[in-house]
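Protein chains: 2
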Amino acid sequence: MSARDPDCPLCQTDGGTLLWRGPHLRLIEVDDPDYPGFTRVIWNAHLAEMTSLSTHGRDLLMRAVYVVEEAQQSILAPDKINLASLGNMVPHLHWHVIPRWRGDRHFPDPIWASPRIAAGAEPAEWSERQARVRALLPRYRNRLVEAMNALLWH
Amino acid sequence: MSARDPDCPLCQTDGGTLLWRGPHLRLIEVDDPDYPGFTRVIWNAHLAEMTSLSTHGRDLLMRAVYVVEEAQQSILAPDKINLASLGNMVPHLHWHVIPRWRGDRHFPDPIWASPRIAAGAEPAEWSERQARVRALLPRYRNRLVEAMNALLWH
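Each protein sequence line maps, in turn, to chains A and B.
Residue 153 in the UniProt record's numbering is what sits at position 153 of the first sequence, and the numbering runs on without skipping anything.
Residue 88 in the UniProt record's numbering is what sits at position 88 of the second sequence, and the numbering runs on without skipping anything.
Extracted from the complex, chain A is given alone in its bound form (with noise of 0.2 Å):
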């Protein structure tokens, strides 16, 4: 069912920390150091575009990518949250779903522009954010594996 691509990180490994897994997609724990809580949804079959899916596959898939944006707003509460499916380097269909926060290295930039905060030289204040954010990770990675039990996997 679910056809794989020898040359293709995300259908040979699970693509960083696995939080929850279904028949169909999976939600992996981002290993950032600027972005406590960046999580990515991945579609489990080598699909390059949403509208590679069906239309119930794309529903499908969203509604995990509500899910992983409700848990972060409710827990993490950032200043605004980030959704991106780009795929140019790893053509397998993956979200990114990014909690940002007024201060963050590269706020109001995307991530993937040049940093306006070099690494070490972030205000004390943005620290302590990471901090209590890194604290609420527990309860957050709960909240998603309780939510997407709670969604109806068929």
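These aren't lab readings, by the way, just hints derived from the structure by calculation.
Being a predicted model, the structure only gives us computed values, none of them experimental.
Idealized CB from N, CA, C, for every residue including glycine.
Watch out, some of these pointers could steer you wrong.
Claimed, not checked - What follows is a set of in silico ranges between Cβ atoms, one per label pair, in the way DEER data are often shown:
1. A:Asp-32 <-> B:Asp-79: 22 to 28 Å
2. B:Cys-8 <-> A:Asp-5: 40 to 46 Å
3. A:Arg-116 <-> B:Asp-79: 37 to 43 Å
4. A:Leu-137 <-> B:Glu-125: 45 to 51 Å
5. B:Ala-124 <-> A:Leu-152: 52 to 58 Å
Unchecked claim - To be clear about the criterion: a stretch of chain B counts as covered by chain A if any three or more of its residues have a C-beta under 8 Å from a C-beta of chain A, and this derived list gives those stretches:
6. 46 to 53
7. 106 to 112
8. 116 to 129
What the hints assert, rightly or not - Some, not all, of what chain B presents toward chain A, calculated at C-beta under 7 Å:
9. Glu-70
10. Asn-82
11. Leu-83
12. Ala-84
13. Arg-141
Given the structure of chain A, go ahead and fit chain B onto it with the hints provided.
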């Protein structure tokens, strides 16, 4: 019905060349010399996140994003399509739908990264490709309008 923010450019203006407008959302052509076909889907009301919308609203908005993706795919035939809802600068819900080609100025990076090719230093091959894409834009715009009109907007 549609709350407006006096400081929000997407409340005060269309935000680009209007391609199609409905009661809930509009399609805008982005004037970006590097990315012919770059299109935005903008929710008319001032809301920040996908989960600020009702389930029905989210589905409507994503159906419009898929219409744009499908029109890009079938008419412009890019190597990849990038989807992003960021809104850090303008927290008014809008989607970027960006056709990408191997050899474009940022490929395979996101368009917000530093370009790999300086402006004006593009290889002839890429300039020719851009010209071919530009020649397809009238067909692309027509397809968008037809496809949006064919959706049931209630």
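Against the structure, the hints:
{"no.": "1", "hint": "A:Asp-32 <-> B:Asp-79: 22 to 28 Å", "result": "26 Å, holds"}
{"no.": "2", "hint": "B:Cys-8 <-> A:Asp-5: 40 to 46 Å", "result": "42 Å, holds"}
{"no.": "3", "hint": "A:Arg-116 <-> B:Asp-79: 37 to 43 Å", "result": "30 Å, violated"}
{"no.": "4", "hint": "A:Leu-137 <-> B:Glu-125: 45 to 51 Å", "result": "46 Å, holds"}
{"no.": "5", "hint": "B:Ala-124 <-> A:Leu-152: 52 to 58 Å", "result": "54 Å, holds"}
{"no.": "6", "hint": "46 to 53", "result": "holds (count 4)"}
{"no.": "7", "hint": "106 to 112", "result": "holds (count 5)"}
{"no.": "8", "hint": "116 to 129", "result": "violated (count 0)"}
{"no.": "9", "hint": "Glu-70", "result": "5 Å, holds"}
{"no.": "10", "hint": "Asn-82", "result": "5 Å, holds"}
{"no.": "11", "hint": "Leu-83", "result": "5 Å, holds"}
{"no.": "12", "hint": "Ala-84", "result": "4 Å, holds"}
{"no.": "13", "hint": "Arg-141", "result": "19 Å, violated"}
In summary, the structure is inconsistent with hints 3, 8, 13 from the numbered list given earlier, while agreeing with the others.
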